[in-house]
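Just so you know, the sequences run in chain order R and D. 220 is the number that my numbering gives to position 220 of the first sequence; each next residue is one higher, with no gaps. 1185 is the number that my numbering gives to position 185 of the second sequence; each next residue is one higher, with no gaps.
Keep in mind the hints are simulated off the structure, nothing from the lab. Mixed in with the good hints, there may be bad ones.
[Claimed, not checked] Derived pair list, reagent style DSS-like, types lysine-lysine, alpha-carbon separation capped at 30 Å:
| hint | chain 1 | residue 1 | chain 2 | residue 2 |
| --- | --- | --- | --- | --- |
| 1 | R | Lys82 | D | Lys1071 |
| 2 | D | Lys1186 | D | Lys1139 |
| 3 | D | Lys1114 | D | Lys1124 |
| 4 | R | Lys138 | R | Lys82 |
| 5 | R | Lys82 | D | Lys1055 |
| 6 | R | Lys134 | D | Lys1055 |
| 7 | D | Lys1055 | D | Lys1071 |
| 8 | D | Lys1060 | R | Lys82 |
| 9 | D | Lys1124 | D | Lys1139 |
| 10 | R | Lys134 | R | Lys82 |
| 11 | D | Lys1083 | D | Lys1071 |
| 12 | D | Lys1071 | D | Lys1060 |
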Amino acid sequence: MKIDPIHQFNIEPLFTLGHIGNQTIAFTNSSLYMLVAVAIISILMLASGTQLVPGRLQSVAEISYEFVASTIRSTAGSEGMKFFPLIFSLFMFICVSNLVGIIPYTFTISSHLIVTAALALLVFFTVLIYGVAKNGLKFFSIFVPHGVPGYILPLVMFIEILSFFLRPVSHSVRLFANMLAGHIALKVFAGFVAMLGFSLGALGWVGGVLPLALTVALYALEILVAFLQAYVFAILTCIYLNDAIHPGH
Amino acid sequence: MAESHGGAKGPAAGAHTGAEGGHGGGFPPFESSTYASQLVSLAIFFVVLYVVVSKLALPKVGGAIEARQNKIEGDLNEAQALKDQSAAALKAYESELAAARSRAQAIGNESRDKANAQAEAERKALEEQLAAKLAGAEKTIASTRAAAMSNVRGIAADAAGQIVQQLTGVVPDAASVNAAVDATLKG
Chain R
1 MKIDPIHQFN IEPLFTLGHI GNQTIAFTNS SLYMLVAVAI ISILMLASGT
51 QLVPGRLQSV AEISYEFVAS TIRSTAGSEG MKFFPLIFSL FMFICVSNLV
101 GIIPYTFTIS SHLIVTAALA LLVFFTVLIY GVAKNGLKFF SIFVPHGVPG
151 YILPLVMFIE ILSFFLRPVS HSVRLFANML AGHIALKVFA GFVAMLGFSL
201 GALGWVGGVL PLALTVALYA LEILVAFLQA YVFAILTCIY LNDAIHPGH
Chain D
1001 MAESHGGAKG PAAGAHTGAE GGHGGGFPPF ESSTYASQLV SLAIFFVVLY
1051 VVVSKLALPK VGGAIEARQN KIEGDLNEAQ ALKDQSAAAL KAYESELAAA
1101 RSRAQAIGNE SRDKANAQAE AERKALEEQL AAKLAGAEKT IASTRAAAMS
1151 NVRGIAADAA GQIVQQLTGV VPDAASVNAA VDATLKG
């Protein structure tokens, strides 16, 4: 038997929705898991009741709310709360789809660069458009740091501008690469267990213990990573938005 | 895991492997033919999520949190008000108790003074009465004694007259007898 760690990332069209130009728009397994994530978030947030003493589901909903709200307040100030729905949607969408994706046999939406890039570009253009609309040309003062000597200012400005435009790249690749690498590593180690068991008989069964233990440990790590990457994505969004809200800092 | 994965998705995986041959079996995240489908689905579902979150979910959960906050604050304020009220009631009770105690003391003092004064007056009246009785008695004694003394003079004069008559046989002059008796009595 052979390990195929890439197979899990295949996009499989379930039915065709239509055509745009020569592109076929299909409802794929990715679309299905997006639907699942949206459904889980909606159920969590809407079906959880509004009791004075919250139950379990309501507690989860309120903890998510408070968590994202406090993240925004601490990084972008109370003015950042106007982006609360956007950041909450991003955080919950990525977090829930990552956590669903870690269940065996499921598909992970954020293991595709096109998806993470689209989300990162959404943030990038939100920052750019809101920053210019609110501050006008003053927004571009984020490229001119205070207290830099005149003779290296052009160099610093060049670096600042470059890093600003590379933000969506790092923002999207970080999430994509983490999810991709984690799932491949899990698949490879889990594949070792099966391969050893099938090819070496009793010796393989004993030998398979080590990769099995590693798989379990990696799985725990991946659960952490699934949450952490969603948090990192959200907090970077807050930091970028902070530039648009307070360009002077 | 790898094998059972294949087993679970047997027909679909088989069909897909056939399709995969078409685009060279490359790395799925870099297969540009799937981008349009993913972007369209992402746009649709993310917009749906955003609308649900911003119009329904966040107002609802935020409202519940705020309602709880208000309830807790209201309850705390109410508890504070009740505490203040009970403290005031305690203070009122204590001041009333002190007032009642001082009033009781005043009443006690007053009645004691009154009783004392009455007893004093009664004692004085009794003393006066007794003094008057004593004086009356003394007067009676004095008059009785005076009467007795005058009788004694008469008797003494008679006795002296008789004695003189017996001894001398001469009836003495009454005036000289009286003078002699008086002189003796005085002596």
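Verification of the supplied hints:
Taking the CA atoms of Lys82 of chain R and Lys1071 of chain D, the gap is about 26 Å. The hint holds against a cut of 30 Å. A threshold of 30 Å between alpha carbons decides the hint, and for Lys1186 of chain D with Lys1139 of chain D the separation of about 23 Å falls inside it, so the pair holds. About 15 Å separates the Cα atoms of Lys1114 of chain D and Lys1124 of chain D, which keeps this hinted pair within 30 Å; it holds. Distance restraint check for Lys138 of chain R and Lys82 of chain R: the Cα-Cα separation of roughly 21 Å lies within the 30 Å cut-off, and the hinted pair is therefore satisfied.
Between Lys82 of chain R and Lys1055 of chain D the alpha-carbon distance is near 13 Å, which keeps this suggested pair within the 30 Å criterion. Simply put, Lys134 of chain R and Lys1055 of chain D have alpha-carbon atoms about 24 Å apart, close enough for the 30 Å limit, and the pair holds. Annotation: proposed proximity of Lys1055 of chain D to Lys1071 of chain D holds, straight-line Cα distance about 24 Å (limit 30 Å). With a CA separation close to 16 Å, the supplied pair Lys1060 of chain D and Lys82 of chain R stays within the 30 Å bound.
Of the pairs offered as hints, the one joining Lys1124 of chain D and Lys1139 of chain D holds, with about 22 Å between alpha carbons and a cut-off of 30 Å not exceeded. About 13 Å separates the Cα atoms of Lys134 of chain R and Lys82 of chain R, which keeps this hinted pair within 30 Å; it holds. A threshold of 30 Å between alpha carbons decides the hint, and for Lys1083 of chain D with Lys1071 of chain D the separation of about 18 Å falls inside it, so the pair holds. For the suggested pair Lys1071 of chain D and Lys1060 of chain D, the alpha carbons sit about 16 Å apart, so the restraint of at most 30 Å is met.
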